[in-house]
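**Q** Spelled out from the first residue to the last, the chains are:
There are 4 protein chains.
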Amino acid sequence: MPNTFGKVFRITTWGESHGPALGAVVDGCPPNLPLEESDLQKELDRRRPGQSKIVTQRNEKDQVKILSGVYQGRTTGTPISLYISNGDHQPKAYDEMRQKFRPSHADFTYQTKYGHRNPEGGGRSSARETAARVAAAAIARKILASRGIEIRAYITRIHDISMPPLAHLPTLEEVEANPVRCPHPETAQKMEERILEVRKEGDSVGGLVLCRVQGLPVGLGDPVFDRLEADLAKAMLSLPATKGFAVGSGFDGTLLRGSEHNDPFHNQDGKIRTRTNHAGGVLGGISSGEELYFQVGFKPTATIIRSQATVDQDGHETELMGKGRHDPCVVPRAVPIVEAMTALVLLDHWMRHQAQCESFAFSQENE
Amino acid sequence: MPNTFGKVFRITTWGESHGPALGAVVDGCPPNLPLEESDLQKELDRRRPGQSKIVTQRNEKDQVKILSGVYQGRTTGTPISLYISNGDHQPKAYDEMRQKFRPSHADFTYQTKYGHRNPEGGGRSSARETAARVAAAAIARKILASRGIEIRAYITRIHDISMPPLAHLPTLEEVEANPVRCPHPETAQKMEERILEVRKEGDSVGGLVLCRVQGLPVGLGDPVFDRLEADLAKAMLSLPATKGFAVGSGFDGTLLRGSEHNDPFHNQDGKIRTRTNHAGGVLGGISSGEELYFQVGFKPTATIIRSQATVDQDGHETELMGKGRHDPCVVPRAVPIVEAMTALVLLDHWMRHQAQCESFAFSQENE
Amino acid sequence: MPNTFGKVFRITTWGESHGPALGAVVDGCPPNLPLEESDLQKELDRRRPGQSKIVTQRNEKDQVKILSGVYQGRTTGTPISLYISNGDHQPKAYDEMRQKFRPSHADFTYQTKYGHRNPEGGGRSSARETAARVAAAAIARKILASRGIEIRAYITRIHDISMPPLAHLPTLEEVEANPVRCPHPETAQKMEERILEVRKEGDSVGGLVLCRVQGLPVGLGDPVFDRLEADLAKAMLSLPATKGFAVGSGFDGTLLRGSEHNDPFHNQDGKIRTRTNHAGGVLGGISSGEELYFQVGFKPTATIIRSQATVDQDGHETELMGKGRHDPCVVPRAVPIVEAMTALVLLDHWMRHQAQCESFAFSQENE
Amino acid sequence: MPNTFGKVFRITTWGESHGPALGAVVDGCPPNLPLEESDLQKELDRRRPGQSKIVTQRNEKDQVKILSGVYQGRTTGTPISLYISNGDHQPKAYDEMRQKFRPSHADFTYQTKYGHRNPEGGGRSSARETAARVAAAAIARKILASRGIEIRAYITRIHDISMPPLAHLPTLEEVEANPVRCPHPETAQKMEERILEVRKEGDSVGGLVLCRVQGLPVGLGDPVFDRLEADLAKAMLSLPATKGFAVGSGFDGTLLRGSEHNDPFHNQDGKIRTRTNHAGGVLGGISSGEELYFQVGFKPTATIIRSQATVDQDGHETELMGKGRHDPCVVPRAVPIVEAMTALVLLDHWMRHQAQCESFAFSQENE
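Protein chains in written order, with our numbering: chain A, 1335 to 1701; chain B, 1335 to 1701; chain C, 1335 to 1701; chain D, 1335 to 1701.
If you are wondering where the hints come from, they were derived from the structure by calculation, not from laboratory data. Among these hints, one or two may not hold up.
Heads up, the list lumps identical chains together, so a pair's fine if it works in one copy or across two of them.
[Said to hold, decoys possible] Below, computed lysine to aspartate or glutamate pairings styled on EDC-like, alpha-carbon distance capped at 20 Å:
{"hint": "1", "residue 1": "LYS1476", "residue 2": "GLU1370"}
{"hint": "2", "residue 1": "LYS1605", "residue 2": "ASP1648"}
{"hint": "3", "residue 1": "LYS1534", "residue 2": "GLU1594"}
{"hint": "4", "residue 1": "LYS1395", "residue 2": "ASP1373"}
{"hint": "5", "residue 1": "LYS1395", "residue 2": "ASP1379"}
{"hint": "6", "residue 1": "LYS1476", "residue 2": "ASP1379"}
{"hint": "7", "residue 1": "LYS1395", "residue 2": "GLU1371"}
{"hint": "8", "residue 1": "LYS1387", "residue 2": "GLU1531"}
{"hint": "9", "residue 1": "LYS1476", "residue 2": "GLU1430"}
Hey, can you work out the whole structure from these sequences and the hints?
**A** See the structure below:
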């Protein structure tokens, strides 16, 4: 179960960084959805390494194949198997890492938990694993888009360089206009410079991703345990390198008083809305119809091109000199991944809501 | 499933704030554990309202009864049913709230999602629901304690009043020494004053809870989706009034460089340890053997004793004058609840780890 | 999880035969369903012991209380907690059984698996546990009935006395017309005589229950693992004393040739039907719209009033003289229980079908 | 979830009969298990079509590849992805079946449930899907074998030709000695003749599989819902063409009296055993340490080479002339599949038992 996500719309992922392939099985997909490999490929292409000078130079084509569950261009309701071949291996580059535990990586804990691990490129603990999530989630995105849901993530801070808040929801084009995926061009420029500077020093930086969702109906989320924000928090913290999640006003909101933080209701053209949205689009764990927004904090990449103190598999203290390709800053590539996990949570909750509240549609009126 | 938490050690909770009772069913508990109602009562007593002047005056005895699963003082491995009677109802106090949606409460979303709700005292969306979690989690705590695991949460900030960092893990007595549950007496005093001041103004404040766990083995956590911090994040965001979760260095850590943030390994008396612990006790989603720590942000209580703009169930704009008992600051009472959810996550993962990695115990040596 | 059944409409049961109470939590129930305790009570009354001379004389009132999830006569979509008090204990009657393992009962396996058990009245392994299932399933039955689904089980054989096949679906009244619950009065008379005769000898007999469901839509069932008949088989074999399950033609069908067994399709007034129904209402694991029918085999009750060879908890060989109240034949009381489990499976699958196939309702036409 | 089986040791399968491939993802496998493709291949080879004149002539090599989760010959505890290429397509042979619903096949129900289906070779509803189960279950078998568990299924009846009961557990060689997989050579000969005779007539027959398991510990099974026999019943009824399941004495046992059916306990060299085993190795849903045995009934294959009345997708009545390759009797090939599902249930329950009852191992003695 640790490699399955979702309850009604479910994905199960598999694969190691340097194995022959990686992939996902999507179960519970609605039938009759028009679906082609190109629907998935466009999201994968956004996550793919090797796209610009600020990210890892590993060159993976990340070509996805659909092996089942689609017939003549439409889903059949049976499991959809997605397959992504791994191409660009350089096992040599990782020779030293076989023996030594890389600081702040998962080598030590995987080795201790399982007693055996695939060390090549980080094996299963590599962020490469998220390619399968992105491919699978592209299906969820397509379904949500058919209902007018827009999911847009972007970088709001790299290291200590922040962009000013945006009033409007930026378009995909605005976000993709620069390699940092920050829709504020001047800030993006500074962020890119910082990343290149840090890269030159063999170091790394982290940052913040903001994710905003518009168009959601009121009613998604399943208290008490499966609150919408709880499942989003889990989804985000299941991503490599994440250290924090904050919905709505987040940690800053804890500095306000109730009289400042509460969002008053009003009637806007017959629709119940709130005048402010400190809540972030959820009330009591259920979507409120306001914009859903949350932030995710990513730590600086653990791989740095510097000498670091560590121990080897036998417990001897030693030095590790980082080698191989690496991202000086993973956060820009995290943007489509954050969107992917968001889509999975939202679609699963939408289908769950339908199952409980719409299957029979009893109401006080109809009897 | 929305009211069930955990995969191997599982709790299912039920009950509304002003219904006849609330409770939980614990399934999957190890057999032969010595267990008495008093084991649960002591945790419930910490969460119970009416204990000091800074919390709600609702006076619930919260007496828990064990209805099944225990025979002659020991668990039998069958479901343990816990029952807590609701005593102190004042339905009158909520009359106005039946018709009007309280701002930043769940009234509106519950009404819209389900089409029907129990409005008394917030019904199922009341924080009173967490009493059942605390009672059930007391079982998990007892099991973890038998292995030397210590879980200690406390308040580090109320509104904008913060305590300085503590080097040592405070004892339970240090935490419980004041009604704020802040183990730094001078700061606790200021926090208490702030809460009383805010209460007088009919307003409310939020704050931060820090939770620290010592004694964990290396190996708990189930990547890729069920990382230990992912399940903790979900657990915390499933609590009412939470807006954020941060593990280890958290959001502050995103301001460091990789060379500053990485935790170097060393050999401490034959044990692999890290010199720093920015990671917060998890690496790659698996416990590292270092102290596990994370912060949870609570917004100011939504109930305030002030007039607020809102709408009624028919969408008419109106005013709501908060009445009834309320907590000007829920955070001190959240402390045992945060510990409770932590215990549930840790025990479930411990049992899951055993199931996968210890049931058969293949190893490279033994063949 | 072992005490939870269902995936979307889920029940979790708890309680021992001689504990203070037993009950169930129903999660995922559609909101707005009119529901009163009397809806559940009428099913419980059918299962209740002490109703006639052919069943156990234990006299339990089995009065069910709804503790949560219903407000002003309608479900709220939150967990429904059901509580049934245990009244008529005679712990003395079981004194001998504390020490000695009753043959063909669960005493030995519970003791060995868990290391500790509640022996009074069989504890958790008592068939009394099914009272909670029946109460919970009454909710599912009410929902299914609102869609015209009729579930009717009855006795077709007691020991070696069989009734002839019935062409029509008997009414509830026909089934309940005699204590054996066999809707063929002459056979019922013979069955009753056999049971009384066997009772006089301190012995017991088993038999067959046939369950028939009319009104189902085409489409319930979730291949490949959660075929409708697979989940029904599990549901039935989860009942105490069951030894077999057969759907449609069952084991007899394995004696036919394909040309005899196949059910030809035809068009009946615009509806696709089959001329025969050896399949039993399922094709490929999915309901076909034909009558769903299956048989369940119950072994003779293990409790007999005779001396039997056995061992005690220390492994010493000894004799056990059955005492206490017992059912010489449990099968008549199993009838409402078989219906209950059937209702749980069908409603869960109905809601699951809606979740996957109706939530978004893509179709080849609408695009 | 419908394509996932198991709770701790879990498999998720995917693939259509005539798609590019089919496969499975195994999650939760114990780490450090020596595993090679040949371990899986030997089981697949037993299931593979085209092996003898009594089964379908479709010639699939069914070569399995392991794509993840194994490194240097040992499992790593991460998901194991299994991939089986589909080779021998003859889509032409199925042209007629695209339009017409084959009687007693899943065409009609899949089309109605999902609104769209892959008709080639039966798509997802083809028994070919079980190849993925067999491959995945071979891993479970290897683990169980390491603990001395022997799972042996064989044919006891084809059409109306039965073999006499066997006292001993036949060896794999005895079962595989003839194409019918009946370990009684004279009966096997007659069965084979019957199958060939029926084949010549374009017809088909069914039969019975008996599955026996030796070496199980006392304690596997999780009442009340996840009784061992309940999960076995579900596993068996999830297989195509099955109509019934019976454990131990089964339906015949319902003809006995309690005094005949009860299995008396005795002490055999310090071990608690029963003198008879009508129970079939389970008591109260938990393995008793006696041989576990159950029967599964398979209907005659639905595909026959005869003209049959049916309707087309538009509801018009028509005739279908069966063509293509088919099995006149699937039961011999079902033998390894029954064993496979048995292994999955047993290993999952073993790991679950460890999780609950062995993780902490409290006992009345140790305190």
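**Q** For every hint, state whether the structure bears it out.
**A** Hint check results:
1. For a Cα distance limit of 20 Å, the shortest separation of LYS1476 from GLU1370 inside one copy, 11 Å, qualifies, whereas the shortest one across copies, 39 Å, does not.
2. Proximity of LYS1605 and ASP1648 under a CA criterion of 20 Å is satisfied inter-copy only: 10 Å between copies versus 65 Å inside one chain copy.
3. Taking CA atoms no more than 20 Å apart as the test, LYS1534 paired with GLU1594 passes between copies only; the shortest distance there is 16 Å, against 45 Å inside one copy.
4. Within a single copy, LYS1395 and ASP1373 get their C-alpha atoms as close as 16 Å, which meets the 20 Å cut-off; across copies the closest is 33 Å, which misses it.
5. In this assembly of identical chains, LYS1395 and ASP1379 lie within 20 Å of each other by CA distance solely inside one copy; the values are 8 Å within and 35 Å between copies.
6. Proximity of LYS1476 and ASP1379 under a CA criterion of 20 Å is satisfied intra-copy only: 16 Å inside one chain copy versus 40 Å between copies.
7. Taking CA atoms no more than 20 Å apart as the test, LYS1395 paired with GLU1371 passes inside one copy only; the shortest distance there is 14 Å, against 28 Å between copies.
8. Proximity of LYS1387 to GLU1531 under the C-alpha cut-off of 20 Å is restricted to the intra-copy arrangement: shortest distance 12 Å within a copy versus 55 Å between copies.
9. Within a single copy, LYS1476 and GLU1430 get their C-alpha atoms no closer than 43 Å, and across copies no closer than 34 Å, so neither meets the 20 Å cut-off.
Consistency with the previously given hints fails for number 9 only.
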